[in-house]
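With chain A held as given, fit chains B, C, D, E and F onto it using these hints.
Protein chains in written order, with my numbering: chain A, 1 to 123; chain B, 1 to 123; chain C, 1 to 123; chain D, 1 to 123; chain E, 1 to 123; chain F, 1 to 123.
Hints in this document: simulated from the structure, not taken from any laboratory.
The structure presented is a predicted model; accordingly, all values stated were derived computationally and were not measured.
Be a bit skeptical, because a hint or two may be false.
What the hints assert, rightly or not - Straight line, CA to CA, 30 angstroms or less: simulated DSSO-like cross-link-like pairs of lysine-lysine:
#1 D:LYS22 <-> F:LYS14
#2 D:LYS22 <-> D:LYS43
#3 C:LYS78 <-> D:LYS43
#4 E:LYS32 <-> D:LYS43
#5 F:LYS83 <-> F:LYS14
6 protein chains.
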Amino acid sequence: MSKIESNRLEQFRKEREEANEKVFDLDHLGIKRFFNIDNNTYKDGALPGQTKELLGLVASTVLRCNDCIDYHLEQSAKSGYTKDEIIDALNVALVVGGSIVIPHLRHAVDTLEILEEEGHLDS
Amino acid sequence: MSKIESNRLEQFRKEREEANEKVFDLDHLGIKRFFNIDNNTYKDGALPGQTKELLGLVASTVLRCNDCIDYHLEQSAKSGYTKDEIIDALNVALVVGGSIVIPHLRHAVDTLEILEEEGHLDS
Amino acid sequence: MSKIESNRLEQFRKEREEANEKVFDLDHLGIKRFFNIDNNTYKDGALPGQTKELLGLVASTVLRCNDCIDYHLEQSAKSGYTKDEIIDALNVALVVGGSIVIPHLRHAVDTLEILEEEGHLDS
Amino acid sequence: MSKIESNRLEQFRKEREEANEKVFDLDHLGIKRFFNIDNNTYKDGALPGQTKELLGLVASTVLRCNDCIDYHLEQSAKSGYTKDEIIDALNVALVVGGSIVIPHLRHAVDTLEILEEEGHLDS
Amino acid sequence: MSKIESNRLEQFRKEREEANEKVFDLDHLGIKRFFNIDNNTYKDGALPGQTKELLGLVASTVLRCNDCIDYHLEQSAKSGYTKDEIIDALNVALVVGGSIVIPHLRHAVDTLEILEEEGHLDS
Amino acid sequence: MSKIESNRLEQFRKEREEANEKVFDLDHLGIKRFFNIDNNTYKDGALPGQTKELLGLVASTVLRCNDCIDYHLEQSAKSGYTKDEIIDALNVALVVGGSIVIPHLRHAVDTLEILEEEGHLDS
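Same shape as in the complex, but just chain A (with noise of 0.2 angstroms):
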């Protein structure tokens, strides 16, 4: 198994698709309905959906929600942002949220890390 493959990033994606997998399969209608919005949420729409990635991450660091973060860093990267500029939009979520964030800001780094070694990030 290479280092990339066994990185706390890459337990935490199969981790979740399975959990989600299960979610899918307690076959709740309501349920399957909101995963659905959920996903159409960051899909070009007014705005561009690279946009909207940058907006579910500031929203998830506000909240508070490691897993929701390191979700929406993979796809800010993915889409094109740039390291200097994920790191300005989470100054954004670290001056409205204040010093709580904190803890939060510095799992996002080490987050962000993993995705520059595995080339997911543009420095």
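Same frame as chain A, but now just chains B, C, D, E and F:
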């Protein structure tokens, strides 16, 4: 007094500015520095100030603060975002934050209507 | 105008409905779908709709949203819960959410009084 | 050691009980009274204790506390709610609290699976 | 009616007391016990009651509850904290809670001004 | 390696410091200024730094951030607060924030035990 001067948003702007001055007049160094940082957060950086206003809007919406929503709606509109783009950003906040956000979405739509009447918002 | 038509709750109902229509008229597909899901959430399913109104009330109370509290109080009362049962549900919200919930408990008790005067609530 | 004794939930139960005892041993009157109130909240009253466990579950889910979710999931299951009913309650939490709740929904579904394996949950 | 009796804070005090009595009159044992615990929390213990009022103020501010802020501001002022000390406590809340706290800081400064006019606050 | 060096808290201190350095190395002016303000917040001012550490602890507890709780517990203990005083402060957080705070109270009591073993906390 004209219709625009007497609207809810105009009232908010005046009270907000007066109250901010009172906070500044407290002459507490930490508070002054925080206000200074806050102002600088939305200036052009790695991301354009315009994008950061939209990030501030979504952060304010998921954290459910109407005064903050009104402030960032106005800044987002004045920075050139169209009504459709702002609505698309608010939709991200709605999906991330859930139905508890709906009363603030109703508030935001009312504010957008005033901004439109004032000529600050492009359809 | 009768006493009931002019009360705070009646005012809220009108403004809420009008504002919801404005939100709907934005014609944003994601927002419309979210509103649709939201409505369906409280219909009979594995749990009766009545129980889910009470769940919605407690969720709204710990998240401290007065508009949401008023809406679910009315739905809970109309679905047949007695005043004592609703108070018992609000107590769960108070204990889970802490003293910060107290101002919203005061608000809820005021709303229950109006619902009682209107004949929508059984003692 | 059997499979059940070594699972995540069993570990949580032990640690929770031990830690609660330590909190109790602090011998702070206010804290002891709070714990006492907390226990009494979920006993039969105007509403049956069973319903209040479900209210506690939804409150814990929108406030996004995994330990609280696990505790109330177990109590809800033991009180006789079926898996489908609990999922329907979690759907209310998802819609009220938004996509930020999804990681906690994934956690809850994993806990339900353990409760099912342990024989504490009816399908 | 004197100027002081007619101010916003005086109005809040009256409404708060009346509403608390209504909550008490519900005669729900759990709620009554919670109110009792809440009152006892701010009495002298290992920490002086004065310090705990300030803790209550900061907790209320980061949780963004204006009614709770007003209550603890008055108790903090009456317990002997000076305006400068209270402002210094609010600064902690601002930094921990972020710019989303600013509207509540503006509210608090307005309340402090009323308390000063009433003679309840030392400069 | 001694028992103390290998404990959970020691691990947290190292990781926190290393991660803070990485955040600093991002060289984002806004983030650096925020960290600078954050540090200055807890220095002697109108209130002694000691009191402000306790305010930071209660703010962190009601906002339910274990890393922030651990940091302020250590600072509060080192500044001279006794175990009983810190517990009395945590009780304020429990009552204001509700039973959702209990898992964080359990965490805090565990951290206090480590601080006691390390000789950083007076009984």
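Evaluation of the provided hints:
1. D:LYS22 <-> F:LYS14: holds, 27 angstroms
2. D:LYS22 <-> D:LYS43: Status holds; Cα separation ~24 angstroms.
3. C:LYS78 <-> D:LYS43: Within the cut-off at roughly 25 angstroms; holds.
4. E:LYS32 <-> D:LYS43: At roughly 16 angstroms apart (the allowed maximum being 30 angstroms), LYS43 (chain D) and LYS32 (chain E) satisfy the hint.
5. F:LYS83 <-> F:LYS14: holds, 24 angstroms
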